[in-house]
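Since chain L is already given, all that's left is putting chain P on it; use the hints.
As they're listed, the protein sequences go chains L and P. Quick note, the first sequence lines up with residues 4 to 431 if you use the working numbering. Quick note, the second sequence lines up with residues 980 to 1212 if you use the working numbering.
FYI, nobody ran anything at the bench for these hints, they're computed from the structure. The structure displayed is predicted, hence computed values, not measured ones. A virtual CB, placed ideally from N, CA and C, is assigned to each residue, including glycine. Just so you know, not all the hints are guaranteed correct.
[Said to hold, decoys possible] Here are some chain L residues pointing at chain P (derived, C-beta under 10 Å):
#1 Leu-5
#2 Arg-336
#3 Ala-340
#4 Pro-342
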Amino acid sequence: MLVLDLALKSLRNRLLVTTLTVGSIALSVALLLGVEKIRTGMRESFSNTISQTDLIIGPKSGTIQLLLYSVFGMGSPTQNVSWEAYQTWAAHPAVDWTIPYSLGDSHRGFRVIGTDENFYERYRYRGGQPIEVAEGKPALEVFEVAIGSQVAAELGYDLGDQIAVTHGMGGFITHDDTPFTISGILAPTFTPVDRAIYVTLEGIEAMHEGWEGGVPPASAMSFGGGPPSDEAEPAEERWTGDYQPTQVTAFFVGATNRRDVLSLQREVNVWEEEPIMAVLPGLALSEMWNGLGYAEEGLRLVGVFVVIVGLLGMLVSLYTSLDARRREMAILRAIGAGPVRIVSLLVLESAVLATLGAAMGVAVVYGGLSIAQPWVESQFGLFLPIAGLAPIEWLYLGAVAGAGFLIGFVPAVKAYRTALHDGLAVRV
Amino acid sequence: MTETAIAVQLEDVRFSYGRGPVVIDVPSLRLEAGTRTFLHGPSGSGKTTLLGILAGVLRADSGAVRVLGEDLTSMSGARRDAFRARHIGYVFQMFNLIPYLSVLENIILPVRMNAERRGRIRASNPAEEARRLAAALEIDHALGSAVGALSVGQQQRVAACRALIGSPELIIADEPTSSLDHDRRDAFLELLLEACEGAGSTLVFVSHDRTLAAHFEQEVSLGESNRAGEVAA
Chain L
4 MLVLDLALKS LRNRLLVTTL TVGSIALSVA LLLGVEKIRT GMRESFSNTI
54 SQTDLIIGPK SGTIQLLLYS VFGMGSPTQN VSWEAYQTWA AHPAVDWTIP
104 YSLGDSHRGF RVIGTDENFY ERYRYRGGQP IEVAEGKPAL EVFEVAIGSQ
154 VAAELGYDLG DQIAVTHGMG GFITHDDTPF TISGILAPTF TPVDRAIYVT
204 LEGIEAMHEG WEGGVPPASA MSFGGGPPSD EAEPAEERWT GDYQPTQVTA
254 FFVGATNRRD VLSLQREVNV WEEEPIMAVL PGLALSEMWN GLGYAEEGLR
304 LVGVFVVIVG LLGMLVSLYT SLDARRREMA ILRAIGAGPV RIVSLLVLES
354 AVLATLGAAM GVAVVYGGLS IAQPWVESQF GLFLPIAGLA PIEWLYLGAV
404 AGAGFLIGFV PAVKAYRTAL HDGLAVRV
Chain P
980 MTETAIAVQL EDVRFSYGRG PVVIDVPSLR LEAGTRTFLH GPSGSGKTTL
1030 LGILAGVLRA DSGAVRVLGE DLTSMSGARR DAFRARHIGY VFQMFNLIPY
1080 LSVLENIILP VRMNAERRGR IRASNPAEEA RRLAAALEID HALGSAVGAL
1130 SVGQQQRVAA CRALIGSPEL IIADEPTSSL DHDRRDAFLE LLLEACEGAG
1180 STLVFVSHDR TLAAHFEQEV SLGESNRAGE VAA
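Bound conformation, chain L alone:
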């Protein structure tokens, strides 16, 4: 096709300007797509804060509330699930495994979670990655704790250090008389697990031994955080009883068969013996993400504006080149090129620039992703999947090419008017 051939050769002839224009469009498109990729990465990462858990069961409250305190370690539960109820459901034939979570205590601002060995064996995050103990071993004995990687880093704790636990979040009352020994430090997960301290369910019971109605026994009461006082009797000597857990705050459930998950959820929700509820974590997480979506709209908007600026840059460069091309237009007119050819030449140039820019933008994004992916993952715990273009991304690319096509009409119409006016006499 003659006009396309002319357009391509003309662009090649102005190689520097063409390169700069394509480059600026490519960068703007790369930014738009990059924002999109990071957005999806964040969404994936968020939705994968916990994975392979089919249901989260806790006391009846709001879905988001249950999710917040069980998965994200935010907010406090107002009720618990009785040990009997937990046992009942853990033994349900449709239930393969459970991870109990007992909340309510903290250590220097970090949450203390009572759980059992299933946490270390069954808990999965981001596409099925297991909890790994970086140093030491899981906390499986009454006075053992395992701490998340961020807890270890921020508080400078090491294996064997003894810590005390505060009742409630950031409260004054500490269980000074029940010192725990750090038995393990967990590997980073880039999830809220990193900011939590894990003890056994029995450990939780032990630190509350003698507490009735939410107040500690008078002898064990002291104020402030910090390490346990030297006068305290060694916990191992004072606390030797059999600490049977009496309740859990919530528990994660893995179903024997995924097909049974929905009926299991229904069964839990209508259970009459105790007011408990079950939520599907994946669904609840994406609901929650949608609630936070306004921030990503802002990012996307910025990306769109940058692309518009890139396209305007192209318009300016095409428009300013027209004066230098009046001669060329007169020659084409003399050879018999009519308005359709003149206009389509410039429209094609614009469309080709925008399309090339969009294509290069895609290359930049994928090139950048393949280089930055490991680094972003290790630095921010954000896994950016290198997947094909999503429909919305194709839409963006199509819009850029289409906008290039439409923008081309501005210089094209100007060129044709000039050519009509000039006739064959070009006053250069």
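Then chain P, alone, in the frame of chain L:
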């Protein structure tokens, strides 16, 4: 003399740019087919404007413009463009070539633009025809060069090749020799005249340099034909 033997016939043609003054006012101009006409006129006598009207790039405000038996004033702009692509070869004073095309690509541009014109080439394909014409105008050694590497004289010969390819009935040359020195001017002119004769094309050659008139079979003075020119001058 039959009607078809008239290549160009103007009657009471008037033209002005927009609402500007009348720059063309030609009561009558008649060029026979196959002739080589020297159209002489001083600067500012409306030569280029008249050629624009003949080529159908500009449309006369009034009067009749008959080229090769067709009335250009009654045609739409698109039809005039097609008519020009098919029947007319045009050579500018200078800067004739499209800078981003090769010499060969510049020459074959008209036959790519118009299928009918392509059908009239004598060689088996446009590139062959371009080589034949380039040889006739003694520029075949430069076919592979970049346009920018050619001298002005070479560029004008390439432009002549482009005007001649596909044997258009009418060749219009607007001061094609004014940027050439004396020797090159005569050489170019001889080659152009020969090539037009070979193609059987009518040539309308415009110049302010009257010494060239000797090469042509007839001379028309635009200063006399164009009443508006006297006013403008």
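Here is what the structure says about each hint:
no.	hint	verdict
1	Leu-5	holds (5 Å)
2	Arg-336	holds (6 Å)
3	Ala-340	holds (6 Å)
4	Pro-342	holds (7 Å)
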